[in-house]
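There are 2 protein chains.
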Amino acid sequence: MSQTPYRTHHCNELRPEHIGMNVTLSGWVNSARDQGGVIFVDLRDREGVTQIVFRSEENPEAAKASHKLRDEDVIQVSGKVVKRLEGTDNDKLATGNVELVVSDLKVLNKAAVLPFQIDKELSNEDLRLKYRYLDLRRPRMNKNLRLRHRAVKATRDFLDSAGFVEVETPILSKSTPEGARDFLVPARLNPGRFYALPQAPQQYKQMLMVAGLERYFQIARCFRDEDLRADRQPEFTQIDLEASFITEEDMYSLVEGLLQSVFKAARGVDIPTPFPRMTWKEAMDRYGIDKPDTRFGNEIVDLGDVFANTEFKIFRNVLQSGGVVRAINAKGFACLTTGQMNRLNEIAVQAGLPVKNLAFIKLENGEYKSPLWRIFTEEEKAAVIAKTNLAEGDIVFFVAGPWESTCTILGRVRLEAAAMQETLKDSDALNFLWVVDFPLLAYSEEDAKWCAVHHPFTRPKTEDIPLLEAGEYAKVRAVAYDVVLNGTELGGGSLRIHESDLQAKMFTVLGVNDHEQQEMFGHILEAFQFGAPPHGGLALGLDRLVMLAAGEDSIREVIAFPKNNRGQELMTQSPSTADFKQLREIYIQSTFKPKTKEEEQKAPAAV
Amino acid sequence: MSQTPYRTHHCNELRPEHIGMNVTLSGWVNSARDQGGVIFVDLRDREGVTQIVFRSEENPEAAKASHKLRDEDVIQVSGKVVKRLEGTDNDKLATGNVELVVSDLKVLNKAAVLPFQIDKELSNEDLRLKYRYLDLRRPRMNKNLRLRHRAVKATRDFLDSAGFVEVETPILSKSTPEGARDFLVPARLNPGRFYALPQAPQQYKQMLMVAGLERYFQIARCFRDEDLRADRQPEFTQIDLEASFITEEDMYSLVEGLLQSVFKAARGVDIPTPFPRMTWKEAMDRYGIDKPDTRFGNEIVDLGDVFANTEFKIFRNVLQSGGVVRAINAKGFACLTTGQMNRLNEIAVQAGLPVKNLAFIKLENGEYKSPLWRIFTEEEKAAVIAKTNLAEGDIVFFVAGPWESTCTILGRVRLEAAAMQETLKDSDALNFLWVVDFPLLAYSEEDAKWCAVHHPFTRPKTEDIPLLEAGEYAKVRAVAYDVVLNGTELGGGSLRIHESDLQAKMFTVLGVNDHEQQEMFGHILEAFQFGAPPHGGLALGLDRLVMLAAGEDSIREVIAFPKNNRGQELMTQSPSTADFKQLREIYIQSTFKPKTKEEEQKAPAAV
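Line order of the protein sequences matches chains D and C. Number 53 in this note's numbering belongs to position 53 of the first sequence; there are no gaps in the numbering. Number 53 in this note's numbering belongs to position 53 of the second sequence; there are no gaps in the numbering.
I should point out that these hints are in silico values taken from the structure, not numbers from a laboratory. There could be a bad hint or two in this list.
Unchecked claim - Reference excerpt, derived from the structure (chain C facing chain D, CB under 8 Å, subset only): (1) 160; (2) 371; (3) 498; (4) 529; (5) 568; (6) 574; (7) 575; (8) 577; (9) 578; (10) 590.
What the hints assert, rightly or not - Below are the DMTMM-like pairs computed for lysine to aspartate or glutamate, each with C-alpha atoms no more than 25 Å apart in a straight line: (11) D/593 x C/585; (12) C/581 x D/227; (13) D/581 x C/248; (14) C/106 x D/160; (15) D/110 x C/160; (16) D/153 x C/160; (17) D/425 x D/299; (18) C/106 x D/464; (19) C/68 x D/160; (20) D/110 x C/469; (21) C/475 x C/249; (22) D/581 x C/514; (23) D/106 x C/519; (24) D/68 x C/501; (25) D/106 x C/299; (26) D/64 x C/499; (27) C/593 x D/579; (28) D/106 x C/249; (29) D/110 x C/499; (30) D/110 x C/404; (31) C/581 x D/514; (32) C/593 x D/585; (33) C/68 x D/514; (34) C/110 x D/579; (35) D/106 x C/463; (36) C/505 x D/73; (37) D/68 x C/526; (38) D/68 x C/499; (39) C/153 x D/160; (40) C/581 x D/519.
Glycine residues also receive a C-beta, built at the ideal position from the N, C-alpha and C atoms.
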């Protein structure tokens, strides 16, 4: 099909060796120029651009018609390939040494004046999304869609050759107890009942392991009805996989090979393996976050021994009550503005700092500036300088308090300061990292119960099962792992529980009573009694992975028809209203009554 | 990952050349036999079976433990590969010349007694679906899932190498005007509004053509909320593709190459191309259906000239009023039972026969038997015999009436008679066929308006556009094509309208007024004004394609977790009830009030 009556070549193909050939091209008028009465057109198709010229000595009719060509008209041209005139070669263009002299022109479809120019970036994202079919004509967006295709193809090829079988699991699925909010679909044939769109194919893939498939994967669409902040989509795609008779080490090398293959295909780079590994505890200690960006330093420093016997009461009290005193050095950022300082304080407060301002010391022009400096002893000062490696132009931030929140606050400040300093502006580093040994459970003050850090199917480490039995829940580690790239979580997974009694125990710890277990998870507990193999898996966020591989800042740049941050797809104007008859048929009615003009305006206008 | 601590080999791998090696296998106890106090186990994994033996001289503890092994226990064994004792080889098994003498046994998970046996077929489909994770352990089902994977892989590889780019389009989508019933999803962030699940990505793929992607495909999940008869699923999968700058000939050769590649990968057969082609008119004339099963004859015969001047009033009236008199010869089926005859009459009536019984003639033991025979002249009799090739043991059915319904009735009778005769029982023929030149429009008596035979985006043949302008709608042919295999429609497609004014004209013919056009299709009419290229596409039903490639009779045999004919997925018990709070959050309430016990029972029981 590369040769059709519409074309013999694509617009990126013609070279000096084609000179003298008769060829046919089809595409869009990228631009048209009148040079002394002769029309030159840059003809564009999805592969590239070729210059075509309408000479009246070749075909007077076509030459006449060419004066009416407008940007984005769709045309088909035939003619002879010729060498460009001396001095008119275009070295920036792959086809820049030749041009096509048109002997035959067909206008396939005229184009009206576009609402915006294709070759300029546009900051109004809603306008881009409304005319997405024009927005996707930009070379950058075309490149992104094709890069995504290559990344997904590489994923499938790699997993296929590793023995993984792709299986489609239902989209009309079952509500996920204990998960995020589900999208519900009224089931007309089962009045009063609802399907739920899957948040992940977790239960289905585990059932495929019980079924003996051994290696499953799926490029799976997933859904979460959450409030849309930042860069989230109500539907997203994940590379979902599960395998039986494997260890976590098998999973690491599998996923490393997979990512190697994806980055090679998508971006042409070789990423080194194996990836470094770090326990969750170490990640929190050094970076204050479970997905460390290791492309820069400024790590968290423990100052517990410096202030072990300090006279400074606040630090002493914290340390004596089991807390920590820690700091980071934002190298070279002593020059921060008052506005930046205020912003860092804000972020620290959001992250849990109980006071309004971060404690700090900076060294500018040989002078130490700090509200704390006069409180510290000379010994303490010297130790702080040494431990934090405080040098001219640096600023060190201190936090004292419970371990986890102290690390978290400093971790946020570390990232924000680096963003302000544009530390990573020109970095093309790809720092992959495994974060392992996550805690299995976390106590939720809000719900007044223990919750699963990953999900209730995650396996505790074998050596920690006695701790689970003994009720020492905070100490139990999971066989769970996340893969991180440049501070972004690409995905994660775990080995799973495959024993019915251990799974029931886990539900009990999570506060699900026997009756609820049977009602919500009965089929899983039963399945695990019929020969469930040891198994585990992982899911990678495809949108984010492709975004990073493409070097984009938003997943909306790598999704063909994304929703905006109000959950609307503006091109087709979805979601839309439904009439009473449609709703009656599916046994529901809307309870929404617009109250204010403002609420009305939040809904998309009728097309 | 093929080597893990759990295994060095799969259970299909060991051969005489492995004798003497120490290996590790993991899998399920397929069966265990006690032979003179020694336990022999057939160990199964997803690839095959290996015999393992527990000899107490090798490891007395393992030998003792082996007596407790039960079917479907999950175990890991290590030991030495040995030659089987003379005379105990199993030629039916790939690994039948060797066995593993176990030196180490780990029971990974015990299995309780199963609700049914894995190695026996089960006719209770609801039970199979409830325990789908056991049902999928059957080698046949495992084979089907893996065949589906190979078919899909072959599809993607083929389309990728033909320059097609896979793009994911939204599942949370927009309602399809004029289509089947949509599944609706309340949009919490847009109160009172609803997403619809896509019946097909039709509009999105056409927009990708306007975007200049040129070649798109997607293995796309589609949804239709229809009453579930026969072998339908509320969600199904299609191979969806669209291309720009192509002709219908390009599409035929592309799809032929694709199917060739799929059948090679899935079933190892080479299918010949190009496929035969038949116009819709010819298909109706010869087979009475738009998806002819050409694996057998018994074609429809026109008897118009035989009865042109008949004295038989019924035939004469029909012919004089523009109708037809036609027949099929069900070769060798004169022996049909009264029950079968009744069933054929029923089917004919369902298909539109206005009287209760089919007219027929059969020849048994040299004797013509027919209610009609005494009415026909000798000349007519001779002509009927000659034209229908009526021979000993045959039965010929007559229908007189309007062309289309006459053909349809005879087409149904032809298929049903062949099914009763089991004509195709042992056939492994793969008869592919293109049906082309469908009508563009059909008049719906029910709606009292013209409807699109395919959909409103289908392109009329260029030479028939004047007929469209002239209002001769019945005569307008579409550039639409279906691909048929053995009487099953695998899929179909068309070239599309890409001109805004022609598209608007088409909507007008379909009774959509200007205001509705703007409201429902405004974005398409607008998009076609900004340089839409000529384009067309096709969709193939993946479930049905895989079903045929696997030689199965139902698509449920090639779907991992299908819904039953009440739209329920019995393993997880979906759909399920939702609580009031969930519904309130998405601004709906259920209007369903169970009225009778019967209605209650139709819903699935709580788990």
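Here's how the hints hold up against the structure:
The interface hint given for residue 160 of chain C holds, since its Cβ lies 6 Å from the closest Cβ of chain D, which is under the 8 Å cut-off. Below 8 Å, beta-carbon pairs count as interface contacts, and residue 371 of chain C has none with chain D, the closest being about 45 Å; its hint is therefore violated. For the restraint placing residue 498 of chain C at the interface with chain D, the shortest Cβ-Cβ distance is roughly 6 Å, inside the 8 Å limit, so the hint holds. Nearest Cβ of chain D to the Cβ of residue 529 of chain C: about 5 Å, under the 8 Å cut. The hint holds.
Restraint check, residue 568 of chain C versus chain D: the minimum CB separation of about 7 Å is within 8 Å; hint holds. Hint on residue 574 of chain C holds. Least Cβ distance to chain D is approximately 4 Å, under the 8 Å limit. With a cut of 8 Å, the hint placing residue 575 of chain C at the interface with chain D holds, because the nearest CB-to-CB distance is about 4 Å. At about 6 Å, the closest approach between the beta carbon of residue 577 of chain C and any beta carbon in chain D falls short of 8 Å, and the interface hint on this residue holds.
With its C-beta approaching chain D no nearer than about 5 Å, residue 578 of chain C sits inside the 8 Å limit, and its interface hint holds. For residue 590 of chain C, the interface hint holds, the least distance from its beta-carbon to any beta-carbon of chain D being 5 Å, beneath 8 Å. Taking the CA atoms of residue 593 of chain D and residue 585 of chain C, the gap is near 13 Å; set against the 25 Å cutoff, the hint holds. For the given pair, residue 581 of chain C sits about 17 Å from residue 227 of chain D by alpha-carbon distance, which is consistent with the 25 Å threshold.
Under the criterion of a C-alpha separation no larger than 25 Å, the hint pairing residue 581 of chain D with residue 248 of chain C is inconsistent with the structure, at around 40 Å. For the suggested pair residue 106 of chain C and residue 160 of chain D, the alpha carbons sit about 29 Å apart, so the restraint of at most 25 Å is broken. A threshold of 25 Å between alpha carbons decides the hint, and for residue 110 of chain D with residue 160 of chain C the separation of about 30 Å lies outside it, so the pair is violated. Of the pairs offered as hints, the one joining residue 153 of chain D and residue 160 of chain C holds, with about 8 Å between alpha carbons and a cut-off of 25 Å not exceeded.
A hinted pair counts as satisfied when its Cα atoms are at most 25 Å apart, and residue 425 of chain D with residue 299 of chain D qualifies at roughly 19 Å. For the given pair, residue 106 of chain C sits about 21 Å from residue 464 of chain D by alpha-carbon distance, which is consistent with the 25 Å threshold. The suggested pairing of residue 68 of chain C with residue 160 of chain D is violated, with an alpha-carbon distance near 37 Å, which exceeds 25 Å. With a CA separation close to 21 Å, the supplied pair residue 110 of chain D and residue 469 of chain C stays within the 25 Å bound.
For the hint pairing residue 475 of chain C with residue 249 of chain C, the CA-to-CA distance comes to about 23 Å; that is within 25 Å, so the pair holds. As the CA atoms of residue 581 of chain D and residue 514 of chain C are separated by approximately 23 Å, the hinted pair is consistent with the 25 Å bound. For the given pair, residue 106 of chain D sits about 33 Å from residue 519 of chain C by alpha-carbon distance, which is inconsistent with the 25 Å threshold. For a cut-off of 25 Å, the pair hint linking residue 68 of chain D to residue 501 of chain C stands: about 20 Å separates their Cα positions.
A distance of roughly 45 Å separates the Cα atoms of residue 106 of chain D and residue 299 of chain C; the hinted pair therefore is violated under the 25 Å criterion. With a C-alpha separation of about 24 Å, the suggested pairing of residue 64 of chain D with residue 499 of chain C holds against the 25 Å cut-off. At roughly 21 Å between alpha-carbon atoms, residue 593 of chain C and residue 579 of chain D fall within 25 Å of each other, so this suggested pair holds. As the CA atoms of residue 106 of chain D and residue 249 of chain C are separated by approximately 20 Å, the hinted pair is consistent with the 25 Å bound.
The straight-line distance between the Cα atoms of residue 110 of chain D and residue 499 of chain C is roughly 9 Å, inside the 25 Å bound, and the hint therefore holds. In summary, the hint linking residue 110 of chain D to residue 404 of chain C is not supported, as the alpha carbons are separated by about 41 Å, beyond the 25 Å threshold. With a CA separation close to 23 Å, the supplied pair residue 581 of chain C and residue 514 of chain D stays within the 25 Å bound. Between residue 593 of chain C and residue 585 of chain D the alpha-carbon distance is near 13 Å, which keeps this suggested pair within the 25 Å criterion.
At most 25 Å may separate the alpha-carbon atoms for a hinted pair to count; residue 68 of chain C and residue 514 of chain D exceed this at roughly 30 Å. Distance restraint check for residue 110 of chain C and residue 579 of chain D: the Cα-Cα separation of roughly 54 Å exceeds the 25 Å cut-off, and the hinted pair is therefore not satisfied. This hinted pair checks out: residue 106 of chain D and residue 463 of chain C have alpha carbons roughly 18 Å apart, not beyond 25 Å. Using a Cα cut-off of 25 Å, the hinted pair residue 505 of chain C and residue 73 of chain D holds, with the two alpha carbons roughly 22 Å apart.
For the suggested pair residue 68 of chain D and residue 526 of chain C, the alpha carbons sit about 21 Å apart, so the restraint of at most 25 Å is met. Taking the CA atoms of residue 68 of chain D and residue 499 of chain C, the gap is about 18 Å. The hint holds against a cut of 25 Å. Our distance criterion of 25 Å between C-alpha atoms is met by residue 153 of chain C and residue 160 of chain D, whose separation comes to about 8 Å. Straight-line distance between C-alpha atoms of residue 581 of chain C and residue 519 of chain D comes to about 19 Å, which keeps the hinted pair within the 25 Å bound.
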